[in-house]
Amino acid sequence: MSALVLEVQGLRTHFFTKAGVVKAVDDVTFGVGRGRVLGLAGESGSGKSMTGYSILGLVNPPGRIVAGSIRLGGVELTTLADRAWRNLRGNRVAMVFQDPMMTLNPVLRIDTQMIEAVRAHHDVTRSAALDRCREALVRVGIPSPDERLRGYPHQFSGGMRQRVAIAIALVNKPDLIIADEPTTALDVTIQGQILHQMQLLCRESGTALIWITHDLSVIAGLADEVCVMYAGRIVEAGAVDDVLDHPMHPYTRGLLDSVPSRNTPGRPLAQIRGMTPSLLRLGDACAFRERCSRAVEACRLAPGVQLSSARALRCVNPLA
Amino acid sequence: MSAAAAPLLELRRVSKRFERRLDLAGRIARRLGANLRETVVHAVDDVSLAVREGEVVGLVGESGCGKSTLARLVSRILEPSAGERLWRGRAYAEYDNRASRRERLAVQMVFQDPFASLNPRLRIVDIVGEAPVVHGLVGRGERDDFVAQMLERVGMDASLMRRFPHQFSGGQRSRIGIARALAVSPRFLVCDEAVAALDVSIQAQVLNLFIRLREELGLTYLFISHDLGVIRHVSDRVVVMYLGRVVESGPTAEIYAQPNHPYTAALIEEVPRIDARHRSYVPIRGEIPSPLAPPAGCHFHPRCPHAFERCRREVPALREIAPGRLSSCHLNDNSCS
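Protein sequence lines correspond, in order, to chains X and S. In terms of the working numbering, the first sequence opens at residue 1 and continues consecutively. In terms of the working numbering, the second sequence opens at residue 1001 and continues consecutively.
Calculated directly from the structure, the hints in this document are not laboratory data. Remember, it's a predicted structure, so these values are computed and weren't measured experimentally. Don't be surprised by glycine CBs; every beta carbon is placed ideally from N, CA and C. It cannot be assumed that every hint is accurate.
As the list claims (entries may be wrong) - Here are the in silico distance ranges between beta carbons for each label pair:
no. : chain 1 : residue 1 : chain 2 : residue 2 : range
1   : X       : ALA302    : S       : ALA1196   : 30 to 38 Å
2   : S       : ARG1285   : X       : LYS173    : 22 to 30 Å
3   : X       : VAL107    : S       : PHE1164   : 37 to 45 Å
4   : X       : THR125    : S       : PHE1308   : 44 to 52 Å
5   : S       : ALA1276   : X       : PRO61     : 38 to 46 Å
6   : X       : VAL138    : S       : ASP1096   : 52 to 60 Å
7   : S       : GLY1286   : X       : ASP284    : 16 to 24 Å
8   : S       : ALA1006   : X       : GLY151    : 48 to 56 Å
9   : S       : PHE1164   : X       : ALA302    : 30 to 38 Å
10  : X       : GLY74     : S       : ALA1296   : 27 to 35 Å
Claimed, not checked - Examples of chain S residues lying across from chain X (beta carbon under 10 Å, computed):
no. : residue
11  : GLU1053
12  : VAL1056
13  : SER1063
14  : ALA1204
15  : ASN1208
16  : ARG1273
17  : ARG1285
Unchecked claim - A short list of chain S residues far from chain X (calculated; beta carbon distances all over 10 Å):
no. : residue
18  : PRO1007
19  : LEU1011
20  : ARG1013
21  : VAL1040
22  : ASP1046
23  : GLY1054
24  : ILE1077
25  : GLY1083
26  : ARG1088
27  : GLU1103
28  : GLU1142
29  : ASP1157
30  : PHE1164
31  : PRO1302
Using the sequences and the accompanying hints, generate a full structural model.
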């Protein structure tokens, strides 16, 4: 594999609330290579979004990165000064959020917002910046970009707004884009279009992509590698084909089995019993053990990460 | 078996238009010659639909296709602008008297958002128990026992009935919403994106609940979702809508195996699947047009790879293309001739 663009080692992001310490991200390790797509999968509260925010240094109090290292192209991010962060965000690493209406400023025209993003990092003239913006809009498949640049966000449909958000992320040609459920709010046909464009962009420009989603089928079609998160920890990671074809963690298996299209129509779906535990009351034990059909006594101890050649697994009693 | 002949619920050429009237300033401006018109949205346009007793009909479509409006028309939340709604072969209006009150309760709705659809200031026992007490189905004194029974039916611990909605997770709230609908002993449930807001593992639990309740209580469902995987799993028959019109309908297995309408085909093709790896997405071009100004002719023609001259002029009729299968596409005429 080529050199890693991003390396995350033993990342822990905890929230110090009145009710106790919430371990939103707990000992997370992964890496992404140039032009590769990593899928970060998990249900609500699994810490997948918080992992993304941690990489961008967007964790607000009472949350704090308490341990671990995040290296982007060899530079350690956890100890970065504010000034250096400003230089980095939106330039070498960018983020696309779930709701494009929250990302775009409703009272500014698209060109104003995009030019601002370019000129914050590059000493170029307004018209040179505008050229870059136009180019970025074309790359995400927006027709008649000149006209669109003069529009306001409310004049765009949901899919178009998300394209603009992606174009803003792309405009400075970053090394890494973190996309947090960017197609969840969109319709199937529009989601297809955006996945198509993201795939092309990563292949062409060598930008690494972290795609955060709860939908394993999107990851199946898009990603090269996948990390499955549960209650703040990565429980299983590896190449998409390996993990989805031969899941070894009972949780991954349960998730895959509960997807309706993999079950016989009309029959009861295979389901994972119970619900996600509160992150407040987590000990060192495997967080999944109370919902797990394969739980054994040893699950009460912290399951270590087992590494094979290209696979990481956090389970003491894995599926063969 | 005359009952089997008449569908349990039928919509005949039902339309719903939403109009925005001009305000005073607008009307004055128009008097003075400004080119202002009232805006009309055809949310549901000439839709016919029949649901037989015990059947699960799945309704799919993307946002703005009118599926939620249709759900509201079926469950009497909205009145249609045109067309007829029939319950057991008789018009809805015939049930508008005191004697038929029970029969009116037979259609209930399960809403999409498990957070917004429960009153945050009421306890679960009031949310679930209010309607059956008001309608005289259970006495005030028996209410708590009745609610306990309902909660157990949807797989919840009855001892939680004194709690408020915010004390429950999304999956549990969905179950409460279902218990509320079931409390008046309906025959027909309209489920509008009832599992859309849930995580995959919880979604599977709630879908299983719907399947179990159907078997236990002999319910009939109109199951609305944008998720084709969910629809395939629960429905016997599928109806596909696009911009207010039905474009195709038929038995689930047949539609998924061999979609007839280009829109249905594209929709099924676009769905991400676990077994489709590293795929190159070849998307449908274009966006869903605004329902305020839908394209002339076939609504889908600007995005359709097979569109030809006639599609731009003429609205294709919904016609039978095989037993039990309807599709509205001009291409079907070409292949016949």
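Practice prompt. Of all the hints given earlier, name the ones this structure violates by number, lowest first.
Written response: 7, 10 and 11
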